Amino acid sequence: MKHALSFVAVSATLASTTSAFAQTEIEFWHAFTGRLGDLVAEQVETFNNSQSDYVVTASHKGNYSETLNAGIAAFRAGEQPEILMVFEIGTGTMMAAKGAIVPVYQLMEDAGADFDPDAFIGSVKGYYTTTDGKMLSMPFNSSTPVLWVNRDALEAAGIDPDVDLTTWQKVGDVLSQLKAAGSTCPLTTAWQSWVHIENLSAYHNVPFATQENGFAGLDTELVINGPVQVQHIQAMGDWAKDGKFIYTGRRNEGGANFRAGECALFTESSAGYAGIKSEAQFAFDVRPLPYWDGTEGAPQNTIIGGASLWVMAGHSPEEYEATAAFLNFLSSPEIQAKWHQDTGYLPITKAAGELTREQGFYDANPGTDIAVIQMTTKEPTPNSKGIRLGSFDQIRTIIDEELEGVWAGDKSAQEALDSAAERGNVLLRRFEQANR
Amino acid sequence: MEKRVTFRGIWLPILLVLPQIVITAVFFFYPAGKAIWQSLFIPDPFGLSMQYVGLGNFEYLLTDPYYRGAFATTAIFSGLVTLVSMGCALFLAVLADRLIKGSGTYRTLLIWPYAVAPAVAGVLWLFMFNTRVGVVTWYLGQLGYDWNHVLNPHEAMGLVVIASSWGRVSYNFLFFLAGLQAIPRSVVEAAAIDGARFWTRFRTIVFPLLSPTTFFLLVVNIVYAFFETFGVIHTITSGGPQQATTILVYKVYSDGFVGQDLGSSAAQSVILLILVSILTVIQFRYIERRVHY
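So the protein lines, in turn, are chains Y and E.
Reminder that position 72 of the first sequence reads as 72 in this note's numbering, one-by-one numbering, no gaps.
Reminder that position 29 of the second sequence reads as 29 in this note's numbering, one-by-one numbering, no gaps.
Isolated chain E, as found in the complex (with noise of 0.2 Å):
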């Protein structure tokens, strides 16, 4: 029999969700509204005027090259970052459950990147691969490995994918370490008495028993690679050499804050936001259908 609390009055309720109503209404439901009500016009920087334009701005960015290979770039861009931060952190959590000794300290050490903010580290990565008088760059020299990330479309996007992924590998290490450890050790024990390796348990047992934490993290890293990795590519590389590294958020920025082109920014807004939406469809649909919880 289903238990079921049931609230007698409609006040209570109401006055339980309010805050989480309010701050979806200040933080999301206006900016978002404005966004598209924005993306119709194209005013000027001072807000001194403003001409409808309908779809125009929507238009205009279609059917700009540029724009489109954007969406390419950050499809790149996020996939790496994805991969590469996961990966990682997947990796790392694995050691560290097998860990005996010392293993505070290990992941006390793992958690510290997160706590650089992604300007700071974006400008750690700059500093160890300038060009001119930075630390790898000239180890990779010494290697006879001519590193020019200015000029170099793939070195500039190596570089800011492992600058965005390093202090997200922390995140993510602590969410897979957590989930390894809810793994009941009877499972995997059983089936090592039973003859089964490492990696054929980690592959039919340990994974599939983590795939509620992987899909969580997938969603999660995707919309952290879309939106909050501008500081990271803003320090780097400013979206350069050429376009290689201009993803969408960051043309959001600069098309708003550089250029002033508030319509043009709003109507990007406005195509990120569906997206995002589409993808975290996709996701639950599609990809939620082989989580096991």
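Isolated chain Y, as found in the complex (with noise of 0.2 Å):
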């Protein structure tokens, strides 16, 4: 019997081996556990039995720094996978490395894939191009930061849980009430360098760095002390002083409190949707990003977080070919009104995003539709296509230690950024240098 069993089992083994020998295998690695990497395993699983050609594998490696020096290392090694997912702020590092990355533009054109750029949206597809209209890398989930509002704390606090946050000068007044009716947390936020630099920038059409934001150039500089930026900090730090704006970490710690009630105003990125609905024992809302009135030009459009698909070099035609099929498929309408509709992260193509609305989804799910909307009613300027730039990650914590200064009160908003500009062009230069 166990005989029997056991030759079963090898034949059966030998029967795949032999099935997959005719496919080509390609491998996938990416930064998603829990729902998203269920919902990436479904993604590559509908894949896979869709054709027989090509078979995807999909690996975890970790958090998105971790999968970006999983890649690194295993193309040092000569072992890369064929697709490695990289964090929007890893942009500039994969696109320095030219000879480890196949653009997905070449990617589409040699594979002879019918491939639109233009089917993405434009603050999207902007960041993860060139200058000249040339697509690096795929996109793959991206968000963009909201005001996420508990509406019931709005109303204890004896506020109309329908009043007006479009504005900063708003958002303020609301503050001030919040903390004379006793609320322990009136503000807290998520991701600080990225919704209250990166895309404050972009919101008002300021840069953020020279060069375009770096798109034009490794010779860039930060330019994040300008009087926009140091405005708005020092109201925030303002806040923090007396209590009404409360700092719980730099990553998305304050997440926790929002969805435990304790906090009223949250800014966060559009993605934290699913989490939010499952787990928030209260009434919510989501609004628009606020911006400063007054401010020329303000609101543009915000700038996408998360992650793009890029393809690696040292693969053959036929690797190629089963990627580019799989890419496609990635941003194809259904897949990804699927993916918006699951996750919260953006619609990436203006099909995707219409096929969502024709299904219903915004109707069901108002508020769902805010991110798409900020992101889509203006066209990008250079100022709010995205930001490039090498040692980005560092860049951050820099502006996370430096920010931390101001709600410490240990700093004012101008020495904090202009030391956070001064430290993160010490950066770039080391950047530049490595990568001439």
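Honestly, the hints are just simulated from the structure, not real lab data.
Careful, some of the hints might be misleading.
What the hints assert, rightly or not - Here are some chain E residues the structure puts well away from chain Y; computed CB gaps all over 10 Å:
1) Thr-6
2) Leu-18
3) Phe-29
4) Tyr-30
5) Gly-54
6) Leu-92
7) Thr-108
8) Trp-112
9) Trp-147
10) Arg-201
11) Thr-213
12) Phe-215
Said to hold, decoys possible - So the derived label-pair ranges between C-beta atoms look like this:
13) Gly-62(Y) <-> Ala-72(E): 30 to 36 Å
14) Phe-284(E) <-> Ser-419(Y): 38 to 44 Å
15) Pro-31(E) <-> Lys-98(Y): 28 to 34 Å
16) Asp-293(Y) <-> Pro-31(E): 55 to 61 Å
17) Gly-62(Y) <-> His-154(E): 28 to 34 Å
18) Val-136(E) <-> Asp-293(Y): 40 to 46 Å
19) Gly-34(Y) <-> Phe-28(E): 35 to 41 Å
20) Pro-31(E) <-> Pro-161(Y): 56 to 62 Å
All values reported here derive from a predicted model rather than from experimental measurement.
By construction, the Cβ of each residue, glycine as well, lies at the ideal position given by its N, Cα and C atoms.
If you follow the hints, you should be able to join the two separate chains into one complex; please do so.
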């Protein structure tokens, strides 16, 4: 009996290897766990079942930083996957590594695939496209910051839950009212550099860095110490001092406090939707990110966060053909619409957005289209296309450190942002030197 | 007359020490040599190109006030971790040594924290001291103290020191207890008969006789605080707030694996290597003289 079983097992293994032999196998390394990981696995399975020429194997390689490092280490060892997921702030690093990647436009051209970069939403495409319009990596998961509102908390403080929160001036008034009513956490935030420096700059149409935020060259310098940024950080610092803005950490620690109902207002990614919807025991709202009234050109559009898929160099034409097919599959309207609705990430193509609207999702889930509207009402400018810097992950850490100085009351906004720009520029010069 | 064992040939002794030499070469000399070599270059992350910069990486680091600040942070952190973990361990070991009943249970319980990985220990402490929902934070709030290690540099340092020392207390406890039990009872009893009280006995007899153990632990704990506390810092503070808990080894990681600046990271490893060598030499030359074997 035991022998019979093992015989079956062996022949099954043999059978599966022979059938796979005729197929082209490619590897896809990503950074998703939990529900997002399951959804990616589902996408891959759908693709593998939809045709018989290619097999995609998806592997989880840790968080965003770890996945990028795994990809780099693998490339150095000659073991790189075909597709590597890289977070948006790793874009500068990947783009500078010309010998290590195959740009997506090139891949599609070589594979003769039917591929239209204009099908993507402008502000999503822009982040991963060169200044002359060539797409380098395939957008995958993109989100943008919005304002989350705990309606019950506003009501408890005697504030109309439909109160106008479109500008920071109005938010400031509401914070004072909340504080006066005894709220312990009127406002908190996730990803402070992303929301309150990077997106603030784009949203007010002021540069984050010279050379079109780094898109036009490696000789870029941070200009985050301009008047718009300083004014905003100073206001936030004053709110922090008065206990109106509560700082909870550099990542999205504040999400726990908002979902628990402690915080009234919360600036966080639109992709926080799934978590907030499943945990919040109160009525909540999604509002557009506030802007400073009186700043010329505001509100422009916000920029994305998230990741894109990079194709790595050193594989065979057949493998690239498989890669092209898989990437095209991922950006198809049905797959994208489902992804958008399941996760709260943006629909990265216009068709996926329209499909979602037709399916009635926005009517059933009010507020889920705020992020899309916020990103698409205006054509992106060089200041709001995105940010492309080397060592960006570390520059964010520097900004985090300097902002903590402001929240703690140790530094003025001007001092902190001057110092952040100066320290960040040192890293930018190192990166320029390493990639000369 | 000294008794010596001599080998007749040369091959057997070489064979016997070979495993040790091979392990040292593979896991120490090769990586250390590679780090020294890499510290002279600025490479790109993917290894596609390299530029020779001589001592440029060292100059870049040593002119950076934040890097120099990390030396002071490391000194404070290592000093505190060593002091706290050895102090607590010695106190517990002295108490456990005097136990008559149930000493086995106490010892077993005290050894447990050593089995917890540093990163996990970090998460546990972080939970208890979470600024908004931590149980310790809540009790401190009841006492009127507002704990906020995400913004207060001293509290952040205190938290990473406690979290790093906690698991280490077990390790030190084991050695101190063994050391205490090796002290001949007759010596201590003789002192007791002469009228020496506990504290006098401890100061004049026990502690000096324990000095070989203390010295060993001092070296081992400083090396631990320098190199192995990375996981705790990474999970609890990521080096913040501002740069209050950025110790040298954390900076090696963040420059190398977050910033992909391998040249700077390699140069920092070399600086650490030199620093620890100097520390160890100092310990053996000056402190070991005061050790009674």
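Outcome of the hint check:
Residue-level check passed: Thr-6(E) sits 47 Å from the nearest beta carbon of chain Y, beyond 10 Å. Residue placement check: Leu-18(E) keeps its beta carbon more than 10 Å from all beta carbons of chain Y (closest about 28 Å). Under the 10 Å C-beta cut-off, the non-interface status given to Phe-29(E) relative to chain Y holds; the minimum distance is some 21 Å. Every beta carbon of chain Y lies more than 10 Å from that of Tyr-30(E), the smallest distance being close to 16 Å; the non-interface claim holds.
For Gly-54(E), the shortest C-beta to C-beta distance to chain Y comes to about 13 Å, beyond the 10 Å cut-off, and the non-interface label holds. Once the 10 Å rule is applied to beta carbons, Leu-92(E) is consistent with being away from chain Y; the minimum gap is 34 Å. The claim that Thr-108(E) lies off the interface holds: its Cβ sits roughly 35 Å from the closest Cβ of chain Y, which is beyond the 10 Å cut-off. No Cβ of chain Y comes within 10 Å of the Cβ of Trp-112(E); the nearest lies about 29 Å off, and the non-interface call holds.
The claim that Trp-147(E) lies off the interface holds: its Cβ sits roughly 13 Å from the closest Cβ of chain Y, which is beyond the 10 Å cut-off. Distance to chain Y confirms Arg-201(E) as a non-interface residue, since its nearest Cβ pair spans about 48 Å, more than 10 Å. The beta carbon of Thr-213(E) is kept farther than 10 Å from every beta carbon of chain Y, the shortest such distance being approximately 40 Å. Under the 10 Å C-beta cut-off, the non-interface status given to Phe-215(E) relative to chain Y holds; the minimum distance is some 38 Å.
A beta carbon spacing of about 32 Å between Gly-62(Y) and Ala-72(E) agrees with the range 30 to 36 Å that was offered as a hint. Hint check: Phe-284(E) to Ser-419(Y), Cβ distance near 42 Å, so the stated range 38 to 44 Å holds. Checked against the hint of 28 to 34 Å, the pair Pro-31(E) and Lys-98(Y) passes, with Cβ atoms roughly 29 Å apart. The given range of 55 to 61 Å is respected by Asp-293(Y) and Pro-31(E), whose C-beta atoms sit roughly 57 Å from each other.
A hinted range of 28 to 34 Å for the beta carbons of Gly-62(Y) and His-154(E) is consistent with their spacing of about 32 Å. Separation of Val-136(E) from Asp-293(Y) is about 43 Å and conforms to the stated range, judged on CB atoms against 40 to 46 Å. Range check, Gly-34(Y) to Phe-28(E): about 39 Å between beta-carbon atoms, so the 35 to 41 Å window is met. Distance hint check for Pro-31(E) and Pro-161(Y): the Cβ-Cβ separation is about 60 Å, which falls inside the suggested range of 56 to 62 Å.
In terms of the numbered hints stated before, the structure departs from none.
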